[in-house]
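*Asks:* So the chains spell out like this:
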Amino acid sequence: MNPNRLRTLAIITAALIGAGFALVFFWVPNEADQGFIQKIFYLHVPLAIIALAGFVIGGIHAIRHLRTGDPVHDMRAYVSIHTSVIFGVAVLITGAIWAKASWGRWWVWDEPTLVSFLIVFLLYATYYPLRYAIPDRERQGRYASVFAIAAGAFVPLNFMVVRMAQSLVHPRTFATADGGLPGDMWVGFLVCFAGIAMLWLTLVCFEMTAKRTSAQLSRLRRALDGTARAGGGVGARIAPGTANVPS
Amino acid sequence: MNGPSTFSAVATILGKDLRVELRTLQSIPAMVLFSTTIYVIFRFGLDRTQLDGGLATGVLLVTILFAALLAINRLFVAEREQGGFEAIRLAPVDGTALFLAKALALLVYLTILELFAIPVFWLFFLDSGTGLLPMLPVVLLLNGALATTGALISPIATNSTARDLIGPLILLPLLVPPMVAASAAGAKLLLAGGPDYDKYASWLGALGLYDAIFLLIGWAVFDFLLED
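Protein chains in written order, with the numbering used here: chain H, -2 to 244; chain R, 8 to 235.
Hints are computed from structural coordinates only; laboratory data are not their basis. Hints are supplied without guarantee of correctness; some may be wrong.
Unchecked claim - If you want the ones that stay clear, here's a sample from chain R, every Cβ over 10 Å from chain H, calculated:
(1) Gln89
(2) Glu93
(3) Gly102
(4) Thr118
(5) Leu147
(6) Thr156
(7) Thr168
(8) Ala191
(9) Leu211
(10) Ala213
(11) Tyr217
(12) Glu234
To be verified - Cβ-to-Cβ under 7 Å is the rule here; a few derived chain R residues that face chain H:
(13) Leu133
(14) Pro180
(15) Ile220
(16) Val228
Backbone N, C-alpha and C fix where the C-beta goes; we use that ideal spot for every residue, glycine too.
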């Protein structure tokens, strides 16, 4: 992606997140039961939804990779999952803070969404050791795609089963007895959601660009110095398909 | 392709695997021994001699899970060491036959393991075995989950450089949903006061759904693990 479009993307993201947080802190009213701490909802929930969506997007890229054999899809699957795993860390941290504030403990086992998210996170965390353990690039890509597809199907199953296992389900923020979120909270939430979604997209685009650039750099290096064959560059070991991705 | 049908290929590979197991006795005796030792460790780890409810289910299912990991780790080792992967690529059969045969082989191993491990569990820990009968469908469906995910993940682990590490690392989180479902069903069935069938059918349904989905995924993607 060209640098101007990346810059535009980054500016839009910063503006949306800035606007979202400004709305949440200065305009949206405090929630009646939980007060100020409930505002972490505007960060925690979008992060969680986007992380899960990113895992599913990774699975879709993986399907395309297996169907076409084009390493660029594998790279997209890798970057999607990678960004979502990072978001996942933020989800677990913000979730723990929220749990501490509203239930007095850093971790609660009877909140099915949080527990399900932890299980999904643990599964996707194994994506890295899996890639590290397969030296052959092409095979690494195929195996990683098989994993991404299986894990993508696992996500909804896991949420369903963990939710079934709860004897008591905490009230959902979106569907309370009196009809869900009031309008101004929805506005705050949607702006934050758009901001976090753009953040995910921007990070994915940045990493894709960085990978393409380093692949191009190592191609140029190889062309300059035919004798030095180890042109893989830093961090290329689990970077899928960097050697043969068109820029 | 005019080769043998997938069904006969599955039967041939399954027959080969079971014959090899019968001659070398590599997996099943180890699984049986392992499960008994795990029971002893649980007896002291939990400091209990009698179990019921959720604790009993946990001990039984975790023991089966760990014993299954032993078999799953070894499932494709012979294929790697003796050229089985190349052979299936060269043979005019659908590569999926290998997945189905390995999943069936795992099912057979697990069933034989449980023929020993469940009576021993009864003998060691339970007052009455009335809850074990309705527990059988739960365990059989859990076997299905172990077999399908095991046959899918095992070749990935076997062809990686960190073999014994990658398999359990991926499989354990992947197997959390069926373990949750089987434990929730079992916790009610193995109550000291006799089995309670609350939500029994929905748990069996959830296990069956998991088995079906991973069978389909294995069917759809296994060929990609065989290409070279």
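*Asks:* If a hint holds in the structure, say so; if it doesn't, say that too.
*Replies:* Against the structure, the hints come out as follows:
no., hint, result
1, Gln89, "holds, 20 Å"
2, Glu93, "holds, 14 Å"
3, Gly102, "holds, 13 Å"
4, Thr118, "holds, 24 Å"
5, Leu147, "holds, 18 Å"
6, Thr156, "violated, 8 Å"
7, Thr168, "violated, 5 Å"
8, Ala191, "violated, 5 Å"
9, Leu211, "holds, 12 Å"
10, Ala213, "violated, 5 Å"
11, Tyr217, "violated, 6 Å"
12, Glu234, "violated, 7 Å"
13, Leu133, "violated, 23 Å"
14, Pro180, "holds, 4 Å"
15, Ile220, "holds, 6 Å"
16, Val228, "holds, 5 Å"
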